[in-house]
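K.L.:
Sequences listed follow chains L and U, in order.
Here the first sequence stands for residues 1 to 327, numbered as in the UniProt record's numbering.
Here the second sequence stands for residues 1 to 327, numbered as in the UniProt record's numbering.
Fair warning: there could be bad hints in the mix.
As the list makes no split between identical chains, a pair holds if one copy fits it or if it spans any two.
Simulated crosslink set (SDA-like; lysine to any residue; CA at most 20 Å straight-line) [as the list claims (entries may be wrong)]: (1) Lys93 with Ile112; (2) Lys93 with Arg110; (3) Lys93 with Ala111; (4) Lys269 with Ala326; (5) Lys93 with Gly167; (6) Lys188 with Pro280; (7) Lys93 with Arg103; (8) Lys93 with Gln104; (9) Lys15 with Phe50; (10) Lys15 with Asp292; (11) Lys185 with Met205.
Don't read these hints as lab results, they were simulated from the structure.
These numbers were taken from a predicted model, which means no experiment stands behind them.
These are the residues of each chain, in order.
Number of protein chains: 2
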Amino acid sequence: MHVLIIGGGGMIGRKLSDRLARDGRIKGREIARLTLHDVVEPAAPAGAPFATDTAVSDLSVPGAAEALVADRPDVVIHLASVVSGEAEADFEKGYRVNLDGTRQLFEAIRAIDGYTPRLVFTSSVAAFGGPYPEDAIPDDFILTPFTSYGTQKAICELLLTDYTRRGAFDGIGIRLPTICVRPGKPNKAASGFFSGIIREPLIGMEALLPVSDDLRHFHASPRSAVGFLVHAAGIDGEAVGPRRNLTMPGVSVTVGEQIEALRRVAGEKAVSLIRREPDPTVLSIIGSWPRDFATRRADALGFTAEADFDAIIRAHIEDELGGTIAV
Amino acid sequence: MHVLIIGGGGMIGRKLSDRLARDGRIKGREIARLTLHDVVEPAAPAGAPFATDTAVSDLSVPGAAEALVADRPDVVIHLASVVSGEAEADFEKGYRVNLDGTRQLFEAIRAIDGYTPRLVFTSSVAAFGGPYPEDAIPDDFILTPFTSYGTQKAICELLLTDYTRRGAFDGIGIRLPTICVRPGKPNKAASGFFSGIIREPLIGMEALLPVSDDLRHFHASPRSAVGFLVHAAGIDGEAVGPRRNLTMPGVSVTVGEQIEALRRVAGEKAVSLIRREPDPTVLSIIGSWPRDFATRRADALGFTAEADFDAIIRAHIEDELGGTIAV
Ligand SMILES: NC(=O)c1ccc[n+]([C@@H]2O[C@H](COP(=O)([O-])OP(=O)(O)OC[C@H]3O[C@@H](n4cnc5c(N)ncnc54)[C@H](O)[C@@H]3O)[C@@H](O)[C@H]2O)c1
Ligand SMILES: NC(=O)c1ccc[n+]([C@@H]2O[C@H](COP(=O)([O-])OP(=O)(O)OC[C@H]3O[C@@H](n4cnc5c(N)ncnc54)[C@H](O)[C@@H]3O)[C@@H](O)[C@H]2O)c1
Chain L
1 MHVLIIGGGG
11 MIGRKLSDRL
21 ARDGRIKGRE
31 IARLTLHDVV
41 EPAAPAGAPF
51 ATDTAVSDLS
61 VPGAAEALVA
71 DRPDVVIHLA
81 SVVSGEAEAD
91 FEKGYRVNLD
101 GTRQLFEAIR
111 AIDGYTPRLV
121 FTSSVAAFGG
131 PYPEDAIPDD
141 FILTPFTSYG
151 TQKAICELLL
161 TDYTRRGAFD
171 GIGIRLPTIC
181 VRPGKPNKAA
191 SGFFSGIIRE
201 PLIGMEALLP
211 VSDDLRHFHA
221 SPRSAVGFLV
231 HAAGIDGEAV
241 GPRRNLTMPG
251 VSVTVGEQIE
261 ALRRVAGEKA
271 VSLIRREPDP
281 TVLSIIGSWP
291 RDFATRRADA
301 LGFTAEADFD
311 AIIRAHIEDE
321 LGGTIAV
Chain U
1 MHVLIIGGGG
11 MIGRKLSDRL
21 ARDGRIKGRE
31 IARLTLHDVV
41 EPAAPAGAPF
51 ATDTAVSDLS
61 VPGAAEALVA
71 DRPDVVIHLA
81 SVVSGEAEAD
91 FEKGYRVNLD
101 GTRQLFEAIR
111 AIDGYTPRLV
121 FTSSVAAFGG
131 PYPEDAIPDD
141 FILTPFTSYG
151 TQKAICELLL
161 TDYTRRGAFD
171 GIGIRLPTIC
181 VRPGKPNKAA
191 SGFFSGIIRE
201 PLIGMEALLP
211 VSDDLRHFHA
221 SPRSAVGFLV
231 HAAGIDGEAV
241 GPRRNLTMPG
251 VSVTVGEQIE
261 ALRRVAGEKA
271 VSLIRREPDP
281 TVLSIIGSWP
291 RDFATRRADA
301 LGFTAEADFD
311 AIIRAHIEDE
321 LGGTIAV
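Use the sequences and the hints to build the structure in full.
P.N.:
Written as structure tokens, this is what we have:
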């Protein structure tokens, strides 16, 4: 089978292609070919048992999507996206890439007669906005995003369902929790500290905490995100039913609980590297984010995440730090 | 103030312009000018105390929206839409008119510096899809439409909220119940019988009933629909808050209850003109429609509909039959 990953050069795309290279198959079906696409040249995974080719284009440019699906990949995993902050700063670019790029992809597939690939789309819990219920947000809660990025994701979810219903492709949309611990350098995203307060201390660096310890949010590891994608790529569409978008499972913890987990996994020294520096701007953004989800549908369909935040930290240590802690 | 009605030549648009002609104002503000737009020449209301001009164009054609908002109407009421059946039969046309036409309108307004009109958009309860809660559908229930039309409405709702949040305009989306009794001739819409079993008997004509008496649905009169639009045009946006789309109030009744109301209002003779002819195709479409809504937000914001189905029938007799029944 031929797998196409659009936006495959990003954080999740790289980890996904490594996983596919290791597994060589999705749900028992052998991968014969992998096409990695991104707007910048993506790196092919090492040691893959299948042929990997790369494609470079801006998905939002007319014709780009048509070229990508022309030789009918069996599974299309669509990760390409302008991130939240950029979509907020550049209204036009956000809509062009996140909405029009996705719609052009959907149209390009619809235009090919008799071609109905599995299409996996990565939505986000940013598609939700408050006021939230007291308890965990259920699967049938309204999507009222507070950002243009969240709006674009929610719109693509609706398109995905309609295109699937009309038989254009067999789509599954997965709403990812905030991915934590995000590997790499600290960045300026408002949510960066959720990963920073774990990632930096584990390599002996100081990390700033701009919010109070009681702030609660919903996380899954990059490893789980890759697991969701592989599971979505192989899942029985009939079992999913007409509601094609699913909130993925995750771990709901307060920042204080994140820190307690870090203490248990890495000790007091790591925790001492977290410096509290309240930032009202960050709080005003993050304060409106969802805190917890009841993911009954995804759970029933076999999607799984870490059981607790300790496991999220351990996954980071195993996958990014070769299993050892520097502090 | 200058009011623009897009799709103003349709059923609701005509009734709305008649009402504006009678009132001469919206929420105390005098109407100085009304522009009626449609793809076919719309009729200006009789006896209006303000100047009415008409504009004819296809909203989905590039440039049409720009021309409509060029002289900055204070209130834009957007009714233009391809109906459900047509959007289902013609995928491209539905998306072109209902999604792209609306988006081009939103973009045209956004492009004008310092111009933030009140924009009223007519969404539909067709933006919902099952499974529904046991009880009435609450304001925070997810939108998972079963039709392309419902998908296009749900997408426009999301755009409306984001454009409002970004300050492009001051948008209010109203989800209309099924409008009943729809005046005019019988049509081939699957939902046509909801109006037909009242409208036809009241003028001594036979009406077909293709579903069973226990089917429940949610209705409001054309008069109420016009009332919602006028209320939305004048409402305080701050009071509405960030969730800019509201399910409008209506009357939830079974077909049997509709018939009992007809009996009370028009007598046994009218009821005897309803002929039961079950149609599995109609049932398969209508059976998945929502049955009841708890419209707390709209109620609290002062939107009002009929109290019962008798009042819906009486509104039809007053507004369409000059107050008298032929049977
Ligand atoms: N990481 C998270 O916390 C998170 C949470 C929710 C949802 N998501 C979604 O998951 C997906 C992958 O996330 P990620 O963390 O790997 O993001 P990422 O930013 O690391 O990767 C996205 C990739 O898309 C590419 N891209 C951007 N614009 C493009 C265009 N016009 N044409 C082609 N490629 C383009 C980028 O170059 C990048 O490589 C995204 O859709 C994201 O919105 C991520
Ligand atoms: N009547 C209902 O039961 C109901 C229920 C829910 C929502 N709505 C919505 O309310 C609005 C008005 O409904 P209505 O019953 O008056 O419908 P209608 O069909 O009578 O009127 C719609 C008008 O839009 C015009 N139009 C269609 N395509 C156009 C285009 N490309 N450019 C310009 N004009 C175009 C049509 O010519 C028509 O006059 C619609 O948006 C409809 O979707 C109606």
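K.L.:
None of the hints should be skipped; say for each whether it holds.
P.N.:
Outcome of the hint check:
| no. | hint | result |
| --- | --- | --- |
| 1 | Lys93 with Ile112 | between (27 Å within a copy, 19 Å between copies) |
| 2 | Lys93 with Arg110 | between (24 Å within a copy, 15 Å between copies) |
| 3 | Lys93 with Ala111 | between (25 Å within a copy, 15 Å between copies) |
| 4 | Lys269 with Ala326 | within (10 Å within a copy, 89 Å between copies) |
| 5 | Lys93 with Gly167 | between (29 Å within a copy, 17 Å between copies) |
| 6 | Lys188 with Pro280 | within (15 Å within a copy, 57 Å between copies) |
| 7 | Lys93 with Arg103 | both (14 Å within a copy, 15 Å between copies) |
| 8 | Lys93 with Gln104 | both (15 Å within a copy, 16 Å between copies) |
| 9 | Lys15 with Phe50 | within (16 Å within a copy, 65 Å between copies) |
| 10 | Lys15 with Asp292 | neither (26 Å within a copy, 46 Å between copies) |
| 11 | Lys185 with Met205 | within (11 Å within a copy, 75 Å between copies) |
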